[in-house]
Amino acid sequence: GAGVSQTPSNKVTEKGKYVELRCDPISGHTALYWYRQSLGQGPEFLIYFQGTGAADDSGLPNDRFFAVRPEGSVSTLKIQRTERGDSAVYLCASSLRWTSGVDEQFFGPGTRLTVL
Amino acid sequence: SQQGEEDPQALSIQEGENATMNCSYKTSINNLQWYRQNSGRGLVHLILIRSNEREKHSGRLRVTLDTSKKSSSLLITASRAADTASYFCATDADAGGTSYGKLTFGQGTILTVHP
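Residue numbers (the working numbering), protein chains in the order written: chain C, 1 to 116; chain S, 1 to 115.
Just so you know, these hints were derived from the structure itself, not from any lab. Among the hints, erroneous ones may be present.
Example chain C residues on the side facing chain S (calculated, C-beta under 8 Å, incomplete) [said to hold, decoys possible]:
no., residue
1, Tyr18
2, Tyr33
3, Pro43
4, Phe45
5, Asp56
6, Gly85
7, Val89
8, Gln105
9, Phe107
10, Gly108
11, Pro109
12, Gly110
Bear in mind that the values here come from a model prediction, so they are computed numbers and not experimental data. The beta-carbon is built from N, C-alpha and C at its ideal position, and this holds for glycine as well.
Given only the sequences and the hints, what does the whole structure look like? Please build it.
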């Protein structure tokens, strides 16, 4: 079956512009995660959805970042008024999230965002 | 912020040798996972070890966990050139017996295996 897909694979934008990054999780996966990875660093957690609701958005750096998952499947990460410091690879992951279980997260290939 | 540190930051070995990477973390965990990443893009899950486990094997991989020292190690035996990648440990914090689900990653070890 298909894995997690992310579009676009690369996005170049100018400072101050608005961008949307899309994540298509594995079919049937209830949990969806967004991470951000800067060069030479490990991924850092941004937000976690269980179904349609954001269960934990503690990793969003500020109010310019927002994410939605309106139908409990595809998710969009939205960044307003982009800054050069937002440049990074944005990774999406999904998992079958049991209420008391532990499970593997499957990652997409990421979107490389470059803010000029 | 990063959960902990990985050591070494870079490791260069010859094909056939074993590679050992270490990971330390700070908070109480439900489980710890190791991932591999090629070319700075998507991560591939390698192995998951729960907090009540001490050792786990998967093919050429062996993972150990010492919760008293808050540390883990990943051993790759009989390495191959195709093992060249960055390796990350990630912790899933303890939430009263279950896991939070969100992963906190280390900074990674860059492994280079020379043919």
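Against the structure, the hints:
{"no.": "1", "hint": "Tyr18", "verdict": "24 Å, violated"}
{"no.": "2", "hint": "Tyr33", "verdict": "6 Å, holds"}
{"no.": "3", "hint": "Pro43", "verdict": "5 Å, holds"}
{"no.": "4", "hint": "Phe45", "verdict": "5 Å, holds"}
{"no.": "5", "hint": "Asp56", "verdict": "6 Å, holds"}
{"no.": "6", "hint": "Gly85", "verdict": "16 Å, violated"}
{"no.": "7", "hint": "Val89", "verdict": "6 Å, holds"}
{"no.": "8", "hint": "Gln105", "verdict": "7 Å, holds"}
{"no.": "9", "hint": "Phe107", "verdict": "4 Å, holds"}
{"no.": "10", "hint": "Gly108", "verdict": "6 Å, holds"}
{"no.": "11", "hint": "Pro109", "verdict": "4 Å, holds"}
{"no.": "12", "hint": "Gly110", "verdict": "5 Å, holds"}
Going down the numbered hints, you'll see the structure goes against 1 and 6, while the others check out.
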